[in-house]
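Trainee: The lines below spell out each chain.
6 protein chains.
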Amino acid sequence: MRRNETLLELLLELQTLDRVPRMGYVLRGVPDPESISEHSWHVVFLAWALAARIDEVDPGRAMEIALIHDLAEVRTGDLPMVAKRYFVDGAKEDAESSVVDELAGPLAGRAGDLLAEYRAAETPEARLVKACDKLQLMLKVAVYERWGARGLTEFWDNPDNFRDYGFPVVRELYEELCAARAEWLK
Amino acid sequence: MRRNETLLELLLELQTLDRVPRMGYVLRGVPDPESISEHSWHVVFLAWALAARIDEVDPGRAMEIALIHDLAEVRTGDLPMVAKRYFVDGAKEDAESSVVDELAGPLAGRAGDLLAEYRAAETPEARLVKACDKLQLMLKVAVYERWGARGLTEFWDNPDNFRDYGFPVVRELYEELCAARAEWLK
Amino acid sequence: MRRNETLLELLLELQTLDRVPRMGYVLRGVPDPESISEHSWHVVFLAWALAARIDEVDPGRAMEIALIHDLAEVRTGDLPMVAKRYFVDGAKEDAESSVVDELAGPLAGRAGDLLAEYRAAETPEARLVKACDKLQLMLKVAVYERWGARGLTEFWDNPDNFRDYGFPVVRELYEELCAARAEWLK
Amino acid sequence: MRRNETLLELLLELQTLDRVPRMGYVLRGVPDPESISEHSWHVVFLAWALAARIDEVDPGRAMEIALIHDLAEVRTGDLPMVAKRYFVDGAKEDAESSVVDELAGPLAGRAGDLLAEYRAAETPEARLVKACDKLQLMLKVAVYERWGARGLTEFWDNPDNFRDYGFPVVRELYEELCAARAEWLK
Amino acid sequence: MRRNETLLELLLELQTLDRVPRMGYVLRGVPDPESISEHSWHVVFLAWALAARIDEVDPGRAMEIALIHDLAEVRTGDLPMVAKRYFVDGAKEDAESSVVDELAGPLAGRAGDLLAEYRAAETPEARLVKACDKLQLMLKVAVYERWGARGLTEFWDNPDNFRDYGFPVVRELYEELCAARAEWLK
Amino acid sequence: MRRNETLLELLLELQTLDRVPRMGYVLRGVPDPESISEHSWHVVFLAWALAARIDEVDPGRAMEIALIHDLAEVRTGDLPMVAKRYFVDGAKEDAESSVVDELAGPLAGRAGDLLAEYRAAETPEARLVKACDKLQLMLKVAVYERWGARGLTEFWDNPDNFRDYGFPVVRELYEELCAARAEWLK
Chain A
513 MRRNETLLEL
523 LLELQTLDRV
533 PRMGYVLRGV
543 PDPESISEHS
553 WHVVFLAWAL
563 AARIDEVDPG
573 RAMEIALIHD
583 LAEVRTGDLP
593 MVAKRYFVDG
603 AKEDAESSVV
613 DELAGPLAGR
623 AGDLLAEYRA
633 AETPEARLVK
643 ACDKLQLMLK
653 VAVYERWGAR
663 GLTEFWDNPD
673 NFRDYGFPVV
683 RELYEELCAA
693 RAEWLK
Chain B
513 MRRNETLLEL
523 LLELQTLDRV
533 PRMGYVLRGV
543 PDPESISEHS
553 WHVVFLAWAL
563 AARIDEVDPG
573 RAMEIALIHD
583 LAEVRTGDLP
593 MVAKRYFVDG
603 AKEDAESSVV
613 DELAGPLAGR
623 AGDLLAEYRA
633 AETPEARLVK
643 ACDKLQLMLK
653 VAVYERWGAR
663 GLTEFWDNPD
673 NFRDYGFPVV
683 RELYEELCAA
693 RAEWLK
Chain C
513 MRRNETLLEL
523 LLELQTLDRV
533 PRMGYVLRGV
543 PDPESISEHS
553 WHVVFLAWAL
563 AARIDEVDPG
573 RAMEIALIHD
583 LAEVRTGDLP
593 MVAKRYFVDG
603 AKEDAESSVV
613 DELAGPLAGR
623 AGDLLAEYRA
633 AETPEARLVK
643 ACDKLQLMLK
653 VAVYERWGAR
663 GLTEFWDNPD
673 NFRDYGFPVV
683 RELYEELCAA
693 RAEWLK
Chain D
513 MRRNETLLEL
523 LLELQTLDRV
533 PRMGYVLRGV
543 PDPESISEHS
553 WHVVFLAWAL
563 AARIDEVDPG
573 RAMEIALIHD
583 LAEVRTGDLP
593 MVAKRYFVDG
603 AKEDAESSVV
613 DELAGPLAGR
623 AGDLLAEYRA
633 AETPEARLVK
643 ACDKLQLMLK
653 VAVYERWGAR
663 GLTEFWDNPD
673 NFRDYGFPVV
683 RELYEELCAA
693 RAEWLK
Chain E
513 MRRNETLLEL
523 LLELQTLDRV
533 PRMGYVLRGV
543 PDPESISEHS
553 WHVVFLAWAL
563 AARIDEVDPG
573 RAMEIALIHD
583 LAEVRTGDLP
593 MVAKRYFVDG
603 AKEDAESSVV
613 DELAGPLAGR
623 AGDLLAEYRA
633 AETPEARLVK
643 ACDKLQLMLK
653 VAVYERWGAR
663 GLTEFWDNPD
673 NFRDYGFPVV
683 RELYEELCAA
693 RAEWLK
Chain F
513 MRRNETLLEL
523 LLELQTLDRV
533 PRMGYVLRGV
543 PDPESISEHS
553 WHVVFLAWAL
563 AARIDEVDPG
573 RAMEIALIHD
583 LAEVRTGDLP
593 MVAKRYFVDG
603 AKEDAESSVV
613 DELAGPLAGR
623 AGDLLAEYRA
633 AETPEARLVK
643 ACDKLQLMLK
653 VAVYERWGAR
663 GLTEFWDNPD
673 NFRDYGFPVV
683 RELYEELCAA
693 RAEWLK
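Chains as they are written, first to last, in the numbering used here: chain A, 513 to 698; chain B, 513 to 698; chain C, 513 to 698; chain D, 513 to 698; chain E, 513 to 698; chain F, 513 to 698.
Heads up, some of the hints might be wrong.
[Unchecked claim] Computed footprint of chain C on chain B, listed as stretches where at least three residues anywhere in the stretch have a Cβ under 8 Å from a Cβ of chain C: (1) 533-541; (2) 579-593; (3) 600-608.
[To be verified] In silico lysine-lysine, BS3-like type, Cα no more than 25 Å apart, as pairs: (4) Lys596(E) / Lys604(D); (5) Lys604(A) / Lys604(F); (6) Lys698(A) / Lys698(C); (7) Lys596(E) / Lys596(D); (8) Lys596(F) / Lys642(F); (9) Lys646(B) / Lys604(B); (10) Lys596(D) / Lys604(E); (11) Lys698(D) / Lys698(F); (12) Lys596(F) / Lys596(A); (13) Lys596(B) / Lys596(C); (14) Lys596(B) / Lys604(C); (15) Lys698(E) / Lys698(A); (16) Lys642(B) / Lys596(B); (17) Lys698(B) / Lys698(F); (18) Lys604(B) / Lys596(C); (19) Lys596(A) / Lys604(F); (20) Lys698(B) / Lys698(D); (21) Lys642(B) / Lys604(B); (22) Lys604(D) / Lys604(E); (23) Lys596(F) / Lys604(A); (24) Lys604(C) / Lys642(C); (25) Lys596(C) / Lys646(C); (26) Lys604(C) / Lys604(B); (27) Lys698(C) / Lys698(E).
[Said to hold, decoys possible] For the chain C half of the interface with chain D, some residues (derived, Cβ under 8 Å), not all of them: (28) Pro571; (29) Leu619; (30) Leu689.
In short, the hints are calculated from the structure, not lab data.
From the three backbone atoms N, C-alpha and C, an ideal C-beta is built for every residue, glycine too.
Please work from the sequences and hints to get the whole structure.
Mentor: Structure representation (structure tokens):
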């Protein structure tokens, strides 16, 4: 499990992404929590759904960025949010770039470029996927709460989870979500 | 849980797709089997990876088709393959079309068109996603076998799981996969 | 996995029923939800317990009907309630009859007759099992709620889940259950 | 959770039987192992299926005994087979009788009588259920092995798991099962 | 799986302790409940943490007692608390002593002595571990409740779960825990 | 979840360690894989069992080191072995030291010293725990293989998993384990 030379090696290794759990949920006792490939599908879906409402965004490109934005976690696992404060700045990002370089085989170049674009968060597509990454988090948190989870309130208090990256359509969805949740909590 | 009127309603309901297991694995005793959203992510990934190698395929369109090809299962569950012989022809397809119409809210039109294109299997993009749907199945089966599953041999005996839909790149991947499996089985 | 010729083939295939989850719970986030064989055991138990209180019911016959009422789901899976509106009337019933005919081997005749009797819901035994099928649903829902599930309220709002099929003893149990739940909710 | 006074209390407590795992499988690493209510459903099914082939057995009575034969485990859990050598003879049986007496509420008398009949193993119905209890064990073991479990071989070496209690139809099923397994192992 | 003769046999069998669930949680619907080895680690940790605050306690000895206090459950499973009233006094203790004698191989003498000391609850170390066994229970119950479990209230009503065994530091921790829980429940 | 000020805060947070899975098993498809607290209990047990056979080792001190050696993973998760090559040397160790400092509250000093001793691997107790950490890995791998896992062979090929740190008793256990496995594989 080092450098993949062929597409087949990459494809086989990626099947494992289903077993990498989102650690934020694990550490708060959510049973059978979302995997990285589940999260990634939802982010692709959100990018597709919202791109159609935003003129400046190329939907295909946004979907590509969403598709690969967490690819490296098949080798690093999902570092819990709290863990980030214990690593030097950029350590996680550097590690992920190195993973993608070794992991992605014949796709390493394209995947690496998309990951770099995602991190820079300058293109409209990258900004949209950044927004979708958090929006999907809060959608899932809301659903887990409706199912019975009680340990997730701190997510609602973290402003980092509510950035719209300049897209009014994202802002509106957050507002609708918060309003819906306020209704359920009554 | 009937007709979704808003994008938010759709997005919340789709989170549930993570809990819909792929029944073929369930019925053969695979522990913690792949969900529909996991399967769907892998099919999007395959479509993206292979589209770049096939001139006639528009990668963005192939990804869109892959993204939504199993959307209806959030309301129908995943009907096991064996079940299909007990329903009249087209019953499953008609049901899925009706689901997408009620489920997808403001995206119902686009999603319905993509689903119809997928079923017709005439455009290069639809044919590619059909191929990826089966190719991903066999990749996952191979991985489960490497992990210890023994009840999956009948998948290898079913020629329906090895159709290349006219794409040599798909054919080659199947051949590499079968060769790799033969190696592991030694 | 087509037509079982021997009792042994049937018995081996039925072991799989433990892995078929009740989809109503799955889609509402219940962790480790009830399987079809678990549900079926509880319905047999209820039929046995209540038959003793109802003169017109033959307990052994009621138990037989309860035992086989969901047998076909080992091949179809458990179609979620919401899915039924997307299939033509009778499609599910026809499919299940065909399954039982192929599945049950030397027992196909007896099992098919019991299933037909269950569906007709005319004999006292069939009506009782129909009632027990729903009563067990609401007992399990109540228990899941006591354990922490929050996503199950719509079950309490559906009058179809509270039909007594003419048996006062069923009516009384529903009333006691609702009273007990009202107490817990305080 | 002491003496149940009403049928409702009993029915609610019994829902918990789904969470009591069969310890023999747990201790040998079977993932998602059978629960007591799953096991019990299969034993009822076997009793029903075989009773029709044995003149001297009353099917309804055999089903009743099968239905309740492990009822007490909702309070004691499933004591692993190996554990029994560490308790004085009869300790487990006495405990189970006391449980049923307190657990079964208005059904305590009937359930207690059936349990006593099961233990005495003198009536044809009790002997048949004793046989079905072991036969179902070996059917499930065979299925788990087909799915990939490797830690279950000692079950096949234990003659206690192959007693026919004088019923040729049981003996034949064991022989067919062992022959089928020998075929798979090739 | 009878008398272990070597250390290796013991070590291999003990790996299984991870699969033995704490039945009190199982029977109250806690998803993915604590295993005996998890519980045991937490009790060792508590013993280590508190021993440093109590002059009369030898930390190493307290850790040893905590380490082995539930060792026998690898063969008996975790008998639910409610089950104990159905066995004669001392039956569980006698069984556990016999298990440790056969299980622990070359360590049987040391483990047996530590278990006897634990049961007698006379030395400061044994009393401390008795206290930690219950304190850990209530810490875990509190955490499960914060995560969403609702079926655990009866633990808070049982005075046996709040004995300090004469250690003020234990008493203080209980008081802090109850105060913290009262805060969360608001 | 930042700096714990009290022992109670630490104790509550540590309960979460049960949910942190050992990623090496996760990524190789082991169902219900060992948690960090389970692993840690086994390492404490090994340290206790082996310390009695090695004159120069203080058993209590070895147990303390084993107890806390993976404490930080409650905040970082378990970084898969393969991930380490993507981080700069010492990044993981520095992060863990910072975690323990913030996590361990009033025990931060003691826990930090023990962790530093473990890493330096100079004292006999630290070397023994290093050895036990790997020995327990291979014991668990062997057990998972007996249960049916097939994806773990690469562990046996990695010489890092078989270092005896100068203790003949560790070397002997490895040899016995490999001999036993060779026997099972026949």
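Trainee: Take the hints in turn and mark each one as holding or not.
Mentor: Quick rundown of the hints versus the structure:
1. 533-541: With 5 residues in contact (Cβ-Cβ under 8 Å with chain C), the coverage given for the stretch 533-541 of chain B holds.
2. 579-593: holds (count 7)
3. 600-608: holds (count 5)
4. Lys596(E) / Lys604(D): Distance of about 11 Å is within 25 Å: holds.
5. Lys604(A) / Lys604(F): Judged against 25 Å, a Cα distance of about 11 Å means the pair holds.
6. Lys698(A) / Lys698(C): Satisfied, since the Cα-Cα distance of roughly 15 Å is no more than 25 Å.
7. Lys596(E) / Lys596(D): holds (16 Å)
8. Lys596(F) / Lys642(F): Cα-Cα ~17 Å, so holds.
9. Lys646(B) / Lys604(B): holds (18 Å)
10. Lys596(D) / Lys604(E): Judged against 25 Å, a Cα distance of about 11 Å means the pair holds.
11. Lys698(D) / Lys698(F): Roughly 15 Å between the alpha carbons, so the hint for lysine 698(D) and lysine 698(F) holds.
12. Lys596(F) / Lys596(A): holds (16 Å)
13. Lys596(B) / Lys596(C): holds (16 Å)
14. Lys596(B) / Lys604(C): holds (11 Å)
15. Lys698(E) / Lys698(A): OK: lysine 698(E) and lysine 698(A) at ~15 Å, within 25 Å.
16. Lys642(B) / Lys596(B): holds (17 Å)
17. Lys698(B) / Lys698(F): Roughly 15 Å separates the two Cα atoms, so the pair holds.
18. Lys604(B) / Lys596(C): Answer holds: lysine 604(B) to lysine 596(C) is near 11 Å, not above 25 Å.
19. Lys596(A) / Lys604(F): holds (11 Å)
20. Lys698(B) / Lys698(D): holds (15 Å)
21. Lys642(B) / Lys604(B): Within the cut-off at roughly 17 Å; holds.
22. Lys604(D) / Lys604(E): holds (11 Å)
23. Lys596(F) / Lys604(A): holds (11 Å)
24. Lys604(C) / Lys642(C): holds (17 Å)
25. Lys596(C) / Lys646(C): holds (16 Å)
26. Lys604(C) / Lys604(B): holds (11 Å)
27. Lys698(C) / Lys698(E): holds (15 Å)
28. Pro571: Holds, about 6 Å.
29. Leu619: Since the shortest Cβ distance to chain D is 6 Å, the answer is holds.
30. Leu689: holds (6 Å)
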